[in-house]
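So the sequence lines, in the order shown, correspond to chains X and Z.
Going letter by letter, the first sequence gives residues 1 to 342 in our numbering.
Going letter by letter, the second sequence gives residues 1001 to 1204 in our numbering.
Keep in mind that the hints were calculated from the coordinates and are not lab data.
Only a predicted model underlies this, so the values are computations on that prediction, with no experimental measurement involved.
Each hint should be verified, as a subset may be incorrect.
[Stated by the list, open to error] Covered, in the sense of this in silico footprint (three residues per stretch, anywhere, with C-beta under 8 Å from a C-beta of chain Z), are these stretches of chain X:
#1 1–15
#2 31–43
#3 106–112
[Said to hold, decoys possible] So the derived list for chain Z, only partly shown, Cβ under 10 Å to chain X, looks like this:
#4 Val1066
#5 Gly1090
#6 Gln1091
#7 Ile1099
#8 Gln1102
#9 Val1104
#10 Leu1105
#11 Cys1107
#12 Leu1108
#13 Val1112
#14 Gly1153
#15 Ser1157
#16 Cys1161
#17 Glu1164
#18 Glu1175
#19 Met1177
[Stated by the list, open to error] Every beta carbon over 12 Å from chain Z, so not counted as near; a handful from chain X, in silico:
#20 Gly145
#21 Pro227
#22 Leu335
Backbone N, C-alpha and C fix where the C-beta goes; we use that ideal spot for every residue, glycine too.
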Amino acid sequence: MRPFAFQRAAGPEQAVHLGADSAQGQTDTPVQFLAGGTTLIDLMKLDVLRPQRLVDLRDALGSHRSIICDERGLHLGAFATMAAVAAHAGVLESYPVIAQSLALAASAQIRNMATLGGNVLQRTRCSYYRDTSWSACNKRLPGSGCAAITGFNRNHAVLGVGPNCISQYPGDFAVALVALEADVSLSGPHGVRRMPFSLLHSPLGEQPQIEHSLRAGEIITGFSIPPGAWTRRSLYLKVRDRSSYEFALASAAVAMALDGDMVRAVRIGLGGIAYRPWRSVEAEQRLTGRPLTEANAEAAAAAALAGAQTQRDNVYKPELARRTLVRALLQARLLPAAASGA
Amino acid sequence: MPELSLLRMPNVSRRDLLTAGAALAAGAGILPSGADASIADLTQSGTMVPVRLLVNGKEADLLLDVRVTVLDALREHLDLTGTKKGCDQGQCGACTVHIDGQRVLSCLTLAVAVQGQRIDTIEGLAGANGGLHPMQQAFIDHDGFQCGFCTPGQIMSAVACVREGHAGSDTEIREYMSGNLCRCGAYPNIVAAIRQACTQMPGH
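Chain X with its partners taken away, still in its complex shape (with noise of 0.2 Å):
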């Protein structure tokens, strides 16, 4: 790990003008800000990370811990843990979605540490962005090239990839969040300000090498989930190698609101399979009003994964991902029917 400047902000204007230099999506940004720290200090000790200083944010915004679940909603401060989120009584009651996103990601250790700001920002899996011998990276060295295209591709994305990257992100919460239409909470330079979720991670463009919306110096503080008569009746689907401590191969969030068998209302994000926190609009449309019979989740499913673009190793991705979203729907046809109010 290369040297570097330790700061611990004493409070959250002072975090934002320390982090005046960072660019949290940028690899080689000079400035990073630590929260729990368990993406960052790995991508230090293996180089892929240099950054000259680190803004230490938990004195400063650490009381951004709070968890509110009630009619407006569910609001969770950007600081508190992934363990503390998952074990909390009104999420597994009321968006059981968000607290299985949480629970079946990482280790009871990472999530003992892990921020919720921190880890909807965690960095692709990517080998080749990880390991330093590979000279090709657009995310890492930017215009370098992509190692993973010609590489060893078994578990990269085919949705939302382009050829100058098919990095896939990680996360589950995140995946979660895309599809209950969460709002992100920011403190930056100029003030708050409030934004979509959607718009956080971007898009596969010129410029893999920047992965948020971010502005220089601008801190995430928390997550607004809408309330909505789908929330109650959801899951977080993930298939992996391992049954557990894995990064999904596939994953699926649902959440749906049903009149008998017909589908009212339909929230779905995919995991595991795409370049940022996907949601299918295009699946949910196929459902929405329609019976939700087998043959239904399947056309919605078709739907999801009708532009995906394979490589030499993960051709069998959209298959498993149009498996993985028709077992979480029907699977979700099966939970008790939502209790009133949200």
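Using the hints, position chain Z against chain X.
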């Protein structure tokens, strides 16, 4: 080979031997010259920072390179070598300790970042009279290890698993212990040990 003479000395642990070997190697100029240069540079560039850690109820004042993890502070600066370095990148769980009562990975935690927080390691687990913690005894009773390298991390994780209320069934134990890998494959015995200890730990 000066190390060979140490092998015949009574009461010399493997750890003493490794330390002595490293000192001899350094003294003989065997370390690559680049390593010496980088250490000197770091000191000069002011990356050494005073750090006060609270470990097993005792305060320790250290002067550490800012990059030192809690794991390395314990092992290399406080001679608490019970906590093990397995992968050193957050994947194996051998380095598990408790910080403010929560199990965490000490290899991904900077020492400078946990000042003022309570760190508990395997060395602090036994009772004041030296008696084993129920979890330690359970690992012995059920043969919950073979080579033993992952064991301190397994035990620290297991104690937390019980305290969290996640030891209700074999399936739950397996899920909530999945962050601790055992290359010897002692998993069935580890699960059995935790099932035993969870009935013996105070308050559980």
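Which constraints among the numbered hints does this structure fail? Numbers only, ascending. none
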